[in-house]
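Enquirer: What follows is the residue order along each chain.
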Amino acid sequence: MTEQQTWEERAERCLSLRSGQGRPLKVVREVYLRPDVPCFSPMCLAGCRNDSDALLPNGASHYIVPECRIAKDYLELFELTEMQGVVFTQTAAHCVQHEGSRRLAARLRRLVQDPDAGCILFCNEFQKYAHCLQEPQESVAEWRLRSTFRAAEWLFDHLAGQVPLVMVTQTEEEADVYRNQKMGVLVVSFKQYIAEFWKGHAAIMELYTSLSEAAVAGKEGKQFGGYLPQAVLEEALKSGRFVSGRLNVNRFNAVTEAFVARSGVDLTEDSGADILIVGAKDRNRAVHGDEVVVDIFPKSQWRMRSLAVKIEEENEVEDNDDDDEAEKMKESGDKRLPTGRVVGVLKRQWRDYVASLSPNEQGNTNSNKSGKVLVIPWDYRIPKIRIATRQVSLLKEQRCLVRIDNWPSDSQYPNGHLVKALGPIGDLETEIAALLAENELSTSAFTSSLLAELPTDSSEEPWVMSAEEEEQRRDLRHSHLVFSIDPKGCEDVDDTLSLRELENGNVELGVHIADVTFFVQPGSLTDREAQERSTTIYLADRRYDMLPGILSANLCSLISGKDRYAVSVMWELTPKFEVVNVWYGRTIIHSKYKLFYEMAQEVCNGCSDQDILDNVPEFQGVTGEELTQKLKELRWSLIKLTELGRSMKARRTHCGALDLESVEVQVQLTETKGVEDLTPKEHLEVHETIAECMIFANHWVAKKIADAFPSKALLRNHPPPRQEQFDNLLKCATARGFYVDTSSNKALAASLDACVDAKDPLVNSLLRSLATLAMSNARYFCTGAVHPDEFMHYGLALDRYTHFTSPIRRYADVIVHRLLLAAVKQEAEDSSCDKTRAGLPGSKRLDEMADHMNNKHRAAQNAQRDSQELFQSIFFRDHDDDDSVCIADAVIYQLRANGVLVFVPRYGVKGVAYLQDRNSQVLYIPKSCPPEWVSGALIRGDDLLTVDSTLGVQKYCLLEHITVRLSVNLSHAHCQSLKIEVVAKRPHGRGDGGPAEVTTRADMVKRVKQGAEDRQGDEMDTQSLLDSLSPELSQYRQTDPQHSLYNLFQSFHHTGMQF
Amino acid sequence: MAGVELLSDQGFRIDGRRPHELRKIECRLGVFRQADGSAYIEQGNTKVLAAVYGPHEVRGGRGKALHDKVVVNCQYSMATFSTGERKRRPRGDRKSQEMTMHLQQTFDATILTTLYPRSQIDIFVEVLQADGGNYCASVNAATLALIDAGIPLKDYVCASSAGFVRDTALVDMNHLEESSGGTELIIATLPKSQQIVFLEMNSRLHEDNLSAVMDRAVAGCTDVYNVLDTAVRDHVGETAAAIGGDAA
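These protein sequence lines map, in sequence, to chains A and B.
Residue numbers for the first sequence follow our numbering, so the first one is 1 and each next one is one higher.
Residue numbers for the second sequence follow our numbering, so the first one is 1 and each next one is one higher.
Accuracy of the hints is not assured; some may be wrong.
[Claimed, not checked] Simulated pairs of lysine to any residue, SDA-like, Cα-Cα distance not exceeding 25 Å: (1) A/Lys759 x A/Arg736; (2) A/Lys128 x B/Pro90; (3) B/Lys47 x A/Met792; (4) A/Lys372 x B/Val4; (5) A/Lys26 x B/Pro90; (6) B/Lys47 x A/Phe259; (7) A/Lys26 x B/Val4; (8) B/Lys24 x A/Arg736; (9) B/Lys95 x A/Leu627.
The set of hints was computed from the structure by calculation and includes no laboratory data.
Just chain A, with the same shape it has in the complex (with noise of 0.2 Å):
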């Protein structure tokens, strides 16, 4: 024999088990029955081979044998380190394996090896002499007491009776049975057996008081309470016992807090406030998103939301946490929110979610190659899901989609499948398509029969003008000068303009859009195609097109030198700008020049002709006359474009418009993608104006299809906010001393632009940026479902709005387009009859499709800023915690109870820096030193929030100015987010205000000039005008003392080197 069979004896066991289908099935197993089963005592006098760290304890008093159901109901007990001896035999680990849970049998399996717990498992049921087999007539219970009692007995006599045995069980009369059977071994019950041996020990005692009641608790059965039937729920919902709504979990606090917003409720009222969800068991299996019905409680049991910002882990032991949080809940904050519970559901809204393999279960599926697993969603608000796969080892590091079956009430987390593997973590396509999916966009590639509908365009078979539509389309090839202004490297350029003098003096300005429903006509596939994408989806790194490439980038795309057909509106204007008239229809132009917004500016700002050859690739080939024509040509235009600009500009803020800012940041990419810096964009006044003569066109055009189809035309609007939501920003200006009126659009505008600090031009910005969020999101309508005091829109101040400027990138313009064409021709015609409205949706199809087009539209929105994020954490992963980048200076705009909101401004990002970590120490920040962890409290006062620890005392105030590190936090299911650490209390790098004041300076240049356009263009209000102005105009004349300070050092600095 090759090595010692040391078995010496085989036995059977016989099992009644259930088969896959619930068929009672008998199984027979074999035993293999061995005297050499270790003791793992270290008095062993028989020579186990105990070779194992994990022993029994030396000198203890006696050993404890748990029966099956102690060793599953207090395990927690027997973890704490006063226990020690304690002999699990294998028959209380099968049971608690069996009966228990995954986790209790992996607790189990640690506590028996850790070298400092005292405690063992012994293998009785493969111990010759310990082992029992059942009898035919005795139960399992009764077998288990047995055979732990058999196998106590026999650790006994083993040990040759050196130590007292004590064999706890569950009841009194279990340890009647066995009490006074074997001289040496102690039979009693827990109960006892606690109040006898442990009676000095506080927190044994309590914790057996606390497990008891949850052991008998646990056997209340399900996790929890069903749903109540439909009919309940209509005739409660009608009477008002209950509320519906939408299910909104809190994304930073996702065990424990969910709202529910009331739909079709009066939000003005103060009952309509969202209704606030705490903990699991009140939420009853409903998802974030669901639609769902809610039991309001009596007033006595609201309660208030917590005010801490939750700080993320990812392994959190759930199932504990519930009531710490409530009692946390109970002490802060102030105002109690209706609270409820959830008991029904009326529509699911599951999609499919990205999700991960949580890392516990990656660790242990070396022996489960199948099986159920629990997977983590990458959304933080979806709880975590249950799927059976065979594929456990294909599936780890992997990003998956995962899909919600069912959510049985009997069980902790859903149940689901999987859908598919999107690839490995940390790949940039896997994220790429991880936060495609997350916001349900797809972007599969188009159809061959899809694209055999387009015309084609290669050199062998070049597209051209068909005769009959040149004939019918007025011709601006030859008569208007036409050019683009887009950003560097853009391929899909869908708006020109051009702009000339007329012979009567007046001014005619032109909005050419490429004319996209020529190629694409109403229920084509391309049509169905772009109508379900919606919009272009712009990604950091890549685009997903609306329209095929042959349309967007060749067709329709007004490249410069080619003949292409376009919407036209063009409009005679007054030397003072005033609308004289305007004119509708399909074109055919030529763009001459194709510019950057960068040129563009230069041009304006007057540089030298070389530049512009240089810069201007159509320029190539010109010379001598006809150059300097041209260019005195485009210079004109540009420089009155720039006028214009501004004069529309003027009289929209005059009107109230806002100027709302938000950072965004460019990413800029190495060849193999990685990500080389992250740039704020530039903002230019050339921007400004194309941006204008795009509004511009689009409320022409919106009053135009608004007068032609009253009921049925698509247009945008931007309902004002709602006044709670202003609360933080008005907070923040207090804390600087400035007063921000949000009663209407115009005096919000109006206290914007006067809360300027000096010193501190990121104030003003910030402002603006809460304002921004302060805001309702733009939406499209059908003007039949809308009352028309609600086509407002508040952000541009205009009656009317829509969007026609874009059609290559947003399906809406091309609807939009059609509209007016259809208008156009009504008129022409001059007949209402309904052979111009072909192809145009009826009142109810047009408003599921604005619908439609706004949910893509949010979606490719959130896409964006995903992926913007994704760069973000990209880039800060790839530089060192000291490296300089990822030191900046932050500005803190909102104070929570645990730390503060801070937003940075090279970077664009908004987050959390705690100042409190979950050991309840905060941050204390000494002088020129690291900062330091150390036990203290955090006092949160209204604009001031205080740390008081050990070491000294620390304020954070609204607006103050400190620096940050910035890093990422490595998550493994999660998306990577940025961490946000304060490195210092005060501002980062004084020397890099310098560029700072400049733009600013810039800033105010312009600003006056606009002042200036101001006065000239508006007779009545000048007064009002000037007094939002008066604090820049102040400012500019006047030097800024600190400014000039800096100034006398620096020449002092300078006569130093001289010498």
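Chain A is already provided as a structure; the job is to place chain B on it using the hints.
Expert: Structure of chain B alone, referenced to chain A:
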């Protein structure tokens, strides 16, 4: 039920064996009078009966006869009652067919086929109770039956299986271990010459671990050989004694 632990921290398998230990083997030769050779083997709870007929003339179509060697005809079947759930198993289902082929290949390579051209040997194997390692038990039983029939073999053919759990190779897997979805390597060897007659592996295994698993399986075969050899010698001793007794 939470997932079962195939190998405990203390190194015990689910049925109390250590990784290198075989299940209990019990066998008898000459259990039928009617057949030319027969044997019954128990490996733990896997119980197999084998009967050998021949060499005899080729039955059913002359065309099947080979001019230079014997035709080895195998038939593997499982009793309806052999598994936990009673299930009718028609003869010739895919699983049995595959097993039949495997047995045929194994014994084609072991029997000295050239001694009996134009004739046929039938090997019938019936699994009475299945608890893992059906192929191994079938091969071992058939070997004993062939020896009982007095058919010349190159050597005993002994088969054993091995699996790989928690970085340890487990020999002679039982049904529970087999059905957990891990690797299983089945091997049949000629123990004296240490030649491999048959090898099959299910599921994936890292290359680095292959030799460990194979060594364990081959060691298992050797252990099986020792048991079978003892049984054969005892049987021959008994028979000889019986014959000797008659002669005396």
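Enquirer: Compare the structure with each hint and give your call.
Expert: Outcome of the hint check:
1. A C-alpha spacing of about 12 Å is found between A/Lys759 and A/Arg736, which places the hinted pair at or below 25 Å, so the restraint holds.
2. Note on A/Lys128 and B/Pro90: the hinted pairing is violated, with a Cα-Cα distance of about 42 Å set against a maximum of 25 Å.
3. The straight-line distance between the Cα atoms of B/Lys47 and A/Met792 is roughly 86 Å, outside the 25 Å bound, and the hint therefore fails.
4. For the hint linking A/Lys372 to B/Val4, the alpha-carbon distance of about 13 Å falls within 25 Å, and the restraint holds.
5. Restraint check for A/Lys26 and B/Pro90: satisfied, since their Cα atoms lie roughly 23 Å apart, inside the 25 Å limit.
6. Restraint check: the Cα-Cα separation between B/Lys47 and A/Phe259 comes to about 64 Å, which exceeds 25 Å; the hinted pair is violated.
7. For the hint pairing A/Lys26 with B/Val4, the CA-to-CA distance comes to about 18 Å; that is within 25 Å, so the pair holds.
8. The straight-line distance between the Cα atoms of B/Lys24 and A/Arg736 is roughly 87 Å, outside the 25 Å bound, and the hint therefore fails.
9. Restraint check: the Cα-Cα separation between B/Lys95 and A/Leu627 comes to about 87 Å, which exceeds 25 Å; the hinted pair is violated.
The structure is inconsistent with the numbered hints 2, 3, 6, 8, 9, although it conforms to all the rest.
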